[in-house]
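Asks: Using the sequences and the hints given, assemble the complete structure.
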Amino acid sequence: KAFDSVSHAHILAVLKQRGVDQHIIGLIRDLHENINTCIKTEEGKTQPIGIKNGVKQGDPMSPLLFNLCIDPLIEELQLSGEGYRHEGAEVTTMAFADDLVLLSGSWEGMEKNIAIVEAFCELTGLKTQGEK
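Reading the sequence shown from the start, the letters are residues 10 to 141 in the numbering used here.
Quick caveat, the hints were computed from the structure, so don't treat them as lab data. Keep in mind the model is a prediction, meaning the values are calculated, not measured. Just to be clear, a hint being listed does not mean it is correct.
Okay, derived cross-link-like pairs now, DSSO-like style, lysine-lysine, Cα gap no bigger than 30 Å in a straight line [what the hints assert, rightly or not]:
1. 25 <-> 61
2. 136 <-> 25
3. 136 <-> 54
4. 65 <-> 49
5. 49 <-> 136
6. 136 <-> 61
7. 25 <-> 121
8. 54 <-> 65
9. 121 <-> 136
10. 61 <-> 49
Replies: Here you go:
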């Protein structure tokens, strides 16, 4: 769900924030705007359905774009979250592709970390599967 839910506006904002050349941002915008798909059913193809969010499944650029999009979340968790401390090191999160694990040494710390994730999701359109 995460790959499908991140807003295109957030993708472009993160690219701009990271100093990506405007021409590259324009190319990425063109690849993600005004995109439609159809679903093949037993009765035939559906009418075109607009794709307004997410990175494209199977596109080699998608994991990189998604990682750039969640990087501000990971930074905020490191700055403001409460991680698990072991031998002097504190870890608040581990991430791979669209999987994110939150860590904390206390229930209150975990609640704080979850609140940070929820606020980020509200701003970016990102959807999570908290039960995973």
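Asks: Hint by hint, note whether the structure agrees.
Replies: Here's how the hints hold up against the structure:
At roughly 19 Å between alpha-carbon atoms, residue 25 and residue 61 fall within 30 Å of each other, so this suggested pair holds. Among the hinted pairs, residue 136 with residue 25 is consistent with the structure: their alpha-carbon atoms are about 22 Å apart, no more than 30 Å. At most 30 Å may separate the alpha-carbon atoms for a hinted pair to count; residue 136 and residue 54 meet this at roughly 28 Å. Proximity of residue 65 to residue 49 is assessed by CA-CA distance (about 18 Å); at most 30 Å being required, the pair is judged to hold.
Among the hinted pairs, residue 49 with residue 136 is consistent with the structure: their alpha-carbon atoms are about 26 Å apart, no more than 30 Å. Proximity of residue 136 to residue 61 is assessed by CA-CA distance (about 14 Å); at most 30 Å being required, the pair is judged to hold. The straight-line distance between the Cα atoms of residue 25 and residue 121 is roughly 29 Å, inside the 30 Å bound, and the hint therefore holds. Using a Cα cut-off of 30 Å, the hinted pair residue 54 and residue 65 holds, with the two alpha carbons roughly 20 Å apart.
Taking the CA atoms of residue 121 and residue 136, the gap is about 18 Å. The hint holds against a cut of 30 Å. For the given pair, residue 61 sits about 20 Å from residue 49 by alpha-carbon distance, which is consistent with the 30 Å threshold.
Consistency note: the structure conflicts with none of the earlier hints.
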